[in-house]
Amino acid sequence: MIRRLTQFMPPARGLAPLVLLLAVWEMVQRGASPNFPRPSLWWTAIVNLASSGALRPAVEATLWTFVAGLALGCAAGFALGLLIGTSVAVRQWSSLLLEFLRALPPPVTIPIAVLIAGYSPSMKIAVIAITASWPVLLNTVAGVANIRSLLFDVARSLRLSRAESLWTIVIPATIPDFLLGVRVALSIAIITTLLVEMFTGLPGIGVLMILGQRAYDSAQVFGLLAIVGVLAFLLGLIFAIVEGVVLRRWPPRHGALR
Amino acid sequence: MNRETLRGIGGVLIFLAAWEAAVRTRLIDFDYLPAPSVIAAALVEMAEDGEVFEEIVHTLRAALAGWLIAIVIGVVAGAALGLSPRARKYCLASVEALRPLPGIAFVPVAILVFGFSLETELVVVVIPTVWPILVNTMGGFAAIPSRLHDVARSFRMSPAAATLTVFAPATAPAILVGLRLSMTLALVMAVAVEMIGNPAGLGYAVVREAAALRPDLMFAYVFIIGVLGIVLNAALIGAAKLVLPGEFKRPRAEWSRT
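If you read the protein sequences in the order shown, they are chains A and B. Residue numbers are given in this note's numbering: position 54 of the first sequence equals residue 89, and the series is strictly consecutive. Residue numbers are given in this note's numbering: position 87 of the second sequence equals residue 92, and the series is strictly consecutive.
Where hints are given, some of them may not hold.
To be verified - Okay, the calculated bits of chain A under chain B, using three or more residues with CB under 8 angstroms as the criterion: (1) 48-58; (2) 102-112; (3) 124-138; (4) 217-229; (5) 278-287.
Source of the hints: derived by calculation from the structure; they are not laboratory data. Bear in mind the structure is a predicted one, so any value in this text is a computation, not a measurement. Glycine included, C-beta positions come from ideal geometry on N, C-alpha and C.
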């Protein structure tokens, strides 16, 4: 298990520059700097925040919205992507529309959703799901479009029904592209989760950061930034492990045959 | 025009017509969802007013300036890491630890240090934008075939001359992939930080019109942001085709493959 974990990470000695930076920061910064407080003060600020009982619910709220939004978005993106990808006509009719919608930065979804649906925890999840579904949808469409036509000939000569060929040929061949989309969706979902919290004030880590900034509590803001970094790193690691397992079962097929 | 393009245009027209009809007939009845014709009228109103052009220039300047700064940092650091296995050994883990940190989480920190200003915007644009350039440049330099290293050595080139005349052209396609990914990201981050950090530009305009309960103007601004993204992308592809004819292939999906 440990060996399996290390294959996803470069050697730990590579952390030297980061550790050095934090150590120098700690030594150079003596007093309580209003802008760049030393790392040990971040720790104190986070411990204070935790003992006040504000930290845990915020982390839980952020993780829950993130996971629920991402899962919903990936499922919707994959389903829609298969629908659009498997029909050449739908693909062509929707091509320009998708091209334009893809060019929209995900953050603008937030004010639109707030204006149309109002403030609520379900709006928060919906916004994350919508922004996360895009890269999944686009990659799934591309994945289906790139399946070798030979495979469809196989389906036809075996007289597979539409549902059977979807299940046995299209979905397994699209999984690597789907995962590529999920990888992108992951980072977009983290950004959207924090942004929607900062923007709407719905509970979460993003709100604690904004509150810390408004109170000029820079140690708290830096501490929360570190927590976000650790969480984002761990989420990426979990995804890499899942991706590794799934790709062993359904490897990407790059072939000359199309 | 070929059939595919025509169908694409047809798809957009059908979408707009369905939207218009659904809103007019109150099939979809949200308080703040305007019909496309109303949004078009708002676009005309904005163009006559002229303020929108200043906002476009502001966002464009922030995104492009941040992108250029990120290119300098990313290409230099990426080349250094790509050319030296030892540098990779002692730095890569730091890169991997910092890379998942979402750029948006730097907004409160940047506001504390720089206030609500263009500097804040640049910090938040530059930090996440560096990574795709750095990683792709590093990958490109690390993958240079040893033959080219031999060539540089047999011509007794200095490291600087070899980097500029032999290695840089060989890695240009890889760097270009990074440039393209990061340009999209720069626009996204500029809009996002304008929504919560620096009250200026298109991102702020979207939020302002939403708060003023002018959904027609809000959607018009969203439309402009989308067009801006497409224009920037097309400009970069055009420039790339001029510089590297034949070398440039379109990546499969936007933000993917960082």
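Comparing the hints with the structure gives:
1. 48-58: holds (count 6)
2. 102-112: violated (count 0)
3. 124-138: As far as the stretch 124-138 of chain A goes, the hint holds, because 12 residues have Cβ atoms under 8 angstroms from chain B.
4. 217-229: Satisfied; 7 residues make the cut.
5. 278-287: It is violated, with 0 qualifying residues against the three required.
Hints 2 and 5 from the list above are not met by this structure, while the remaining hints are.
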